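S.K.: Sequence:
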Amino acid sequence: MKTVGMPTGLVPFGGVVEFFGGLGLLIGLFTPIIAVLAALWMLATTWFSIAKIKKKYMGGYELDITMILLSLALAFIGGGTFSIDHLIGV
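Heads up: take any position in the sequence shown, counting from 1, add 915, and you land on our numbering.
These are computed hints drawn from the structure, not numbers from a lab.
Hints may contain errors.
[To be verified] Simulated pairs of lysine to any residue, SDA-like, Cα-Cα distance not exceeding 25 Å: (1) K967 to L978; (2) K969 to P927; (3) K967 to G929; (4) K967 to G924; (5) K967 to E977; (6) K969 to A959; (7) K967 to V931; (8) K967 to P922; (9) K967 to P927; (10) K967 to L984; (11) K969 to L984; (12) K967 to V932; (13) K967 to V926; (14) K969 to A954; (15) K967 to M982; (16) K967 to G930; (17) K967 to D979; (18) K967 to F928; (19) K969 to D979; (20) K967 to E933; (21) K969 to L958; (22) K967 to A954.
None of these values were measured; they are calculated from a predicted model.
All chains, please: the whole structure from these sequences, using the hints.
M.R.: As structure tokens, then:
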């Protein structure tokens, strides 16, 4: 990632957000917080892919924008009835 200009310190953060955030979303633990972090991470990587890598629109960043919108929807809607958030009252 350093060869394309991404700061080296962000790579482990992205791995933690994607792995543990994905697990948290899967079981419904702290869904709004994890979804906002995922949306911010996707926003940063989308900006990076447009500004630094010069990714074009078609076949480029439309999936990134979809993931941002899905993460924001999860942040506003929450985990639902069968989530751990619902059981612990978060």
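S.K.: If a hint holds in the structure, say so; if it does not, say that too.
M.R.: Hint by hint, here is what the structure shows:
1. Of the supplied pair hints, the one linking K967 and L978 holds, its CA atoms being roughly 18 Å apart against a limit of 25 Å.
2. As the CA atoms of K969 and P927 are separated by approximately 23 Å, the hinted pair is consistent with the 25 Å bound.
3. The hinted pair formed by K967 and G929 meets the criterion: a straight-line CA distance of about 17 Å does not exceed 25 Å.
4. At most 25 Å may separate the alpha-carbon atoms for a hinted pair to count; K967 and G924 meet this at roughly 17 Å.
5. Proposed proximity of K967 and E977 is supported: the alpha carbons are some 17 Å apart, at most 25 Å.
6. Between K969 and A959, the direct Cα distance comes to roughly 14 Å. Compliance with the 25 Å bound is thereby established for this hinted pair.
7. The suggested pairing of K967 with V931 holds, with an alpha-carbon distance near 23 Å, which does not exceed 25 Å.
8. Taking the CA atoms of K967 and P922, the gap is near 12 Å; set against the 25 Å cutoff, the hint holds.
9. For the suggested pair K967 and P927, the alpha carbons sit about 19 Å apart, so the restraint of at most 25 Å is met.
10. At most 25 Å may separate the alpha-carbon atoms for a hinted pair to count; K967 and L984 meet this at roughly 22 Å.
11. In summary, the hint linking K969 to L984 is supported, as the alpha carbons are separated by about 22 Å, within the 25 Å threshold.
12. At roughly 22 Å between alpha-carbon atoms, K967 and V932 fall within 25 Å of each other, so this suggested pair holds.
13. A hinted pair counts as satisfied when its Cα atoms are at most 25 Å apart, and K967 with V926 qualifies at roughly 16 Å.
14. Using a Cα cut-off of 25 Å, the hinted pair K969 and A954 holds, with the two alpha carbons roughly 21 Å apart.
15. With a CA separation close to 20 Å, the supplied pair K967 and M982 stays within the 25 Å bound.
16. Taking the CA atoms of K967 and G930, the gap is near 20 Å; set against the 25 Å cutoff, the hint holds.
17. About 15 Å separates the Cα atoms of K967 and D979, which keeps this hinted pair within 25 Å; it holds.
18. A C-alpha spacing of about 19 Å is found between K967 and F928, which places the hinted pair at or below 25 Å, so the restraint holds.
19. In summary, the hint linking K969 to D979 is supported, as the alpha carbons are separated by about 14 Å, within the 25 Å threshold.
20. Distance restraint check for K967 and E933: the Cα-Cα separation of roughly 21 Å lies within the 25 Å cut-off, and the hinted pair is therefore satisfied.
21. Of the supplied pair hints, the one linking K969 and L958 holds, its CA atoms being roughly 15 Å apart against a limit of 25 Å.
22. Under the criterion of a C-alpha separation no larger than 25 Å, the hint pairing K967 with A954 is consistent with the structure, at around 19 Å.
The structure fails none of the hints (numbered hints given earlier).
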